[in-house]
Amino acid sequence: MVGVRKYMPSYLLMLPFLILYLLFTFYPIVRGFIISLQKFYVLGTKEFVGLANYNYLLHDSTFLSSVWHTVIFVVFSVPLLVIIPFCLALIVNAPIKGRKIYQAVFFLPMILGVSVVSSVWSAMLGNYGGLVDAVLNAIGIHQEINWTAQSTQLAWISVLAVTVWWTAGFNMVLYLAALQDIPKELYEAASLDGASGWAKTCFITLPSVKRVTILVVFLQFIASFNVFGQIFLLTGGGPAGATTTIVSYIYEKSFSEFLFGPGAAASYILFFILLIVSLIQLRLMSKTE
Amino acid sequence: MKVAGKTKVLVAGVLIAGTLATACSPSQTQSAVHQSGTTIVFWDLFGGADGTTMNQIVKKFNQTHPSIHVQEETQDWGQYYTKLITAVLGGKAPDLAISHVDHIGILKTQGVIEPLDKEAASVGIKWSQFFEPPMKDAVINGKHYAIPLDIHTYLLFYNKKVLQSAGISPSQLNIKSYNDFVSICDKVKGHGYVPLSFGESGWGPLAIWETFYYQMGGTSLLNKAGTKETFTDATNDAVAIKAMQKLYDLYNTSHIIPSNISNPDELFKSGKAAFCIEGTWSVDDFHKALGDQLGVAQMPVFFQQPAAWADSHTFVLPVNPNRTPEQTKDAMVFVKWVEDHAWMWAKAGHIPANKTVQNTPQFKALPYRRNYGSQASFVKYFPMTGTVWMMSDNEILNELQGILLKQTPVAQGVQEMGQILDRQLQE
Numbered sequence: 001m002v003g004v005r006k007y008m009p010s011y012l013l014m015l016p017f018l019i020l021y022l023l024f025t026f027y028p029i030v031r032g033f034i035i036s037l038q039k040f041y042v043l044g045t046k047e048f049v050g051l052a053n054y055n056y057l058l059h060d061s062t063f064l065s066s067v068w069h070t071v072i073f074v075v076f077s078v079p080l081l082v083i084i085p086f087c088l089a090l091i092v093n094a095p096i097k098g099r100k101i102y103q104a105v106f107f108l109p110m111i112l113g114v115s116v117v118s119s120v121w122s123a124m125l126g127n128y129g130g131l132v133d134a135v136l137n138a139i140g141i142h143q144e145i146n147w148t149a150q151s152t153q154l155a156w157i158s159v160l161a162v163t164v165w166w167t168a169g170f171n172m173v174l175y176l177a178a179l180q181d182i183p184k185e186l187y188e189a190a191s192l193d194g195a196s197g198w199a200k201t202c203f204i205t206l207p208s209v210k211r212v213t214i215l216v217v218f219l220q221f222i223a224s225f226n227v228f229g230q231i232f233l234l235t236g237g238g239p240a241g242a243t244t245t246i247v248s249y250i251y252e253k254s255f256s257e258f259l260f261g262p263g264a265a266a267s268y269i270l271f272f273i274l275l276i277v278s279l280i281q282l283r284l285m286s287k288t289e
Numbered sequence: 001m002k003v004a005g006k007t008k009v010l011v012a013g014v015l016i017a018g019t020l021a022t023a024c025s026p027s028q029t030q031s032a033v034h035q036s037g038t039t040i041v042f043w044d045l046f047g048g049a050d051g052t053t054m055n056q057i058v059k060k061f062n063q064t065h066p067s068i069h070v071q072e073e074t075q076d077w078g079q080y081y082t083k084l085i086t087a088v089l090g091g092k093a094p095d096l097a098i099s100h101v102d103h104i105g106i107l108k109t110q111g112v113i114e115p116l117d118k119e120a121a122s123v124g125i126k127w128s129q130f131f132e133p134p135m136k137d138a139v140i141n142g143k144h145y146a147i148p149l150d151i152h153t154y155l156l157f158y159n160k161k162v163l164q165s166a167g168i169s170p171s172q173l174n175i176k177s178y179n180d181f182v183s184i185c186d187k188v189k190g191h192g193y194v195p196l197s198f199g200e201s202g203w204g205p206l207a208i209w210e211t212f213y214y215q216m217g218g219t220s221l222l223n224k225a226g227t228k229e230t231f232t233d234a235t236n237d238a239v240a241i242k243a244m245q246k247l248y249d250l251y252n253t254s255h256i257i258p259s260n261i262s263n264p265d266e267l268f269k270s271g272k273a274a275f276c277i278e279g280t281w282s283v284d285d286f287h288k289a290l291g292d293q294l295g296v297a298q299m300p301v302f303f304q305q306p307a308a309w310a311d312s313h314t315f316v317l318p319v320n321p322n323r324t325p326e327q328t329k330d331a332m333v334f335v336k337w338v339e340d341h342a343w344m345w346a347k348a349g350h351i352p353a354n355k356t357v358q359n360t361p362q363f364k365a366l367p368y369r370r371n372y373g374s375q376a377s378f379v380k381y382f383p384m385t386g387t388v389w390m391m392s393d394n395e396i397l398n399e400l401q402g403i404l405l406k407q408t409p410v411a412q413g414v415q416e417m418g419q420i421l422d423r424q425l426q427e
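Chains A and B are the protein sequences, given in the same order. Sequential numbering of the first sequence, starting at 1, is according to my numbering. Sequential numbering of the second sequence, starting at 1, is according to my numbering.
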């Protein structure tokens, strides 16, 4: 009781968050699990059906392909969003003129909302007047390409490019912080030993950012598995469903078809995938301690 | 800095109170109180010209009816039905709402709307004054669930200047068949213009397939009970496939529609295209962009008989236990007034569902309307069911897009569309 009294202000300060957390995060998680076991009509009956919804998903080719599409996105986006931000961080960490400006410029897209990003890029990637096509036309490639809808490959390339442009800044900042934590003495000592810039990067910088890299990789894994907004707004899951991901599937099932049971079950499957990923991350992180 | 324990508690308390107060305060719109008379919360999904037109109608009604205040709340088209259902579920249902006529089956299944026979009769709405096609879907098990406001349908828009420069006289434009149309389009293409500006994704191509299907004499897409599709059965199969083939050819054989136009409306408005198939809602928008260069025609008869995709906006009464009988009555007064003044709604381009409006001088004064007013007699709707709305059915739309993108052969794609639909109707 003494502890409670002593830390009373702390508890009180935590209380608003705790209430909101319980109400808007914890309760929906539990409720969502219950819905995933039900045949759930919004206004009608709610009937317990056990694992039938999960069984339904395993036999639904749309769901299976949406899992596959998500995996494709993860496989391509995670390396890009680790390597590119790392290179950007190296650039803005180097003693070059105007590095603060570069930092700001690289980070800037990150502060935009997904709808802003998507509408700007939709306008640029469209044909008959889109900026990208106009530039291609100007340099002599006379084709009207609708990047987000013409073919599966182009649609994925568009989504990846927009995602990298939009979110690379965040990982860059994480890397930048790590780079600035590396003691200068290491580089000085290496210089005295006659190490080249390349050698310094490989043998000092890379090992020093190992922990941050693990963090970035797993944060990116989770973010990429949850991809939805930019796909929904850029390609609408098309062409012909080729860019439908797990979260778009959840959205479609729940809020277009109003089949909340399978929708909730799909989000629990996503939850378990992410849980496993997070557990692996924790294992790796504690190993590098 | 050292702050006494009590002060800390106080500060914490204030912060908490602040959080809770913000979380609980009602939103501005709901707290708006009107001094006299009833307030009717009216939900719609109108954007663009539709939105501004409905704003004006509501404003005019409120000016002329001091005892009733209609509070129009516009929701996003894409999320509309989601929001309507969740609003009813959450006890925040509007008093009156708009629904597409072929969507009311789903709303009824979900328990979102209630019948309105008595309510409509009490203000003198006569079902006979409406065009036949939207009335068919407004009735479920002998009860009326919807009062049709309009018929919105696909029209053929053309750019007179483009046609002229391709050596085609717009005044003698007479498309008597599919082949006619293709040969005109070929001429246009030779002069460097886009022949037909039309999208390749979404529900648009499905509506054209449906139009072709009915023009070729296909019978209803579903059986009477709405439990099974009938476009792949023995009588219709060949027609459904042929209609799809003709649609496919527009994109991939004759190349009348260039592949994947990202914004067909903008392309047509920029004057680079000869034709555009779009809805009645675009008449004024196109007119603004192209002025007198714009021509508007009914959907041509490409095949044996006239038919054109259409849908209707209707008024529905959401299930709302908080709506007083007086509010229900006043909501109906508003509906009746809008129906009687539906020529105002025709400003948005649509054909008023109320037949009698077509004879009013106000309707006749609107440009282009008389070119297509009679299309109301041969429009074709997507089938209304209790579970599936083909227009926003992504599985069907994806299958269709797969056909147009040459991923699935035409005949196989049509069969698969049938299988998808059958499965969904059973769910």
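No wet-lab data here; the hints were simulated from the structure. Small disclaimer: the values here were computed from a predicted structure and weren't measured. Don't take every hint at face value.
[Said to hold, decoys possible] The list that follows gives simulated cross-link-like pairs (lysine-lysine, DSSO-like), each with its CA atoms no further than 30 Å apart:
id : chain 1 : residue 1 : chain 2 : residue 2
1  : B       : Lys228    : A       : Lys46
2  : A       : Lys184    : A       : Lys97
3  : B       : Lys143    : A       : Lys46
4  : A       : Lys39     : B       : Lys108
5  : B       : Lys161    : B       : Lys355
6  : A       : Lys39     : B       : Lys364
7  : A       : Lys39     : B       : Lys92
8  : B       : Lys143    : A       : Lys39
9  : A       : Lys39     : B       : Lys83
10 : A       : Lys46     : B       : Lys83
11 : B       : Lys347    : A       : Lys46
12 : B       : Lys161    : A       : Lys46
13 : B       : Lys224    : A       : Lys39
14 : B       : Lys187    : B       : Lys288
15 : B       : Lys288    : A       : Lys46
Checking against the hints above, which ones are violated? Per hint list: 5, 6, 11, 12, 15 violated.
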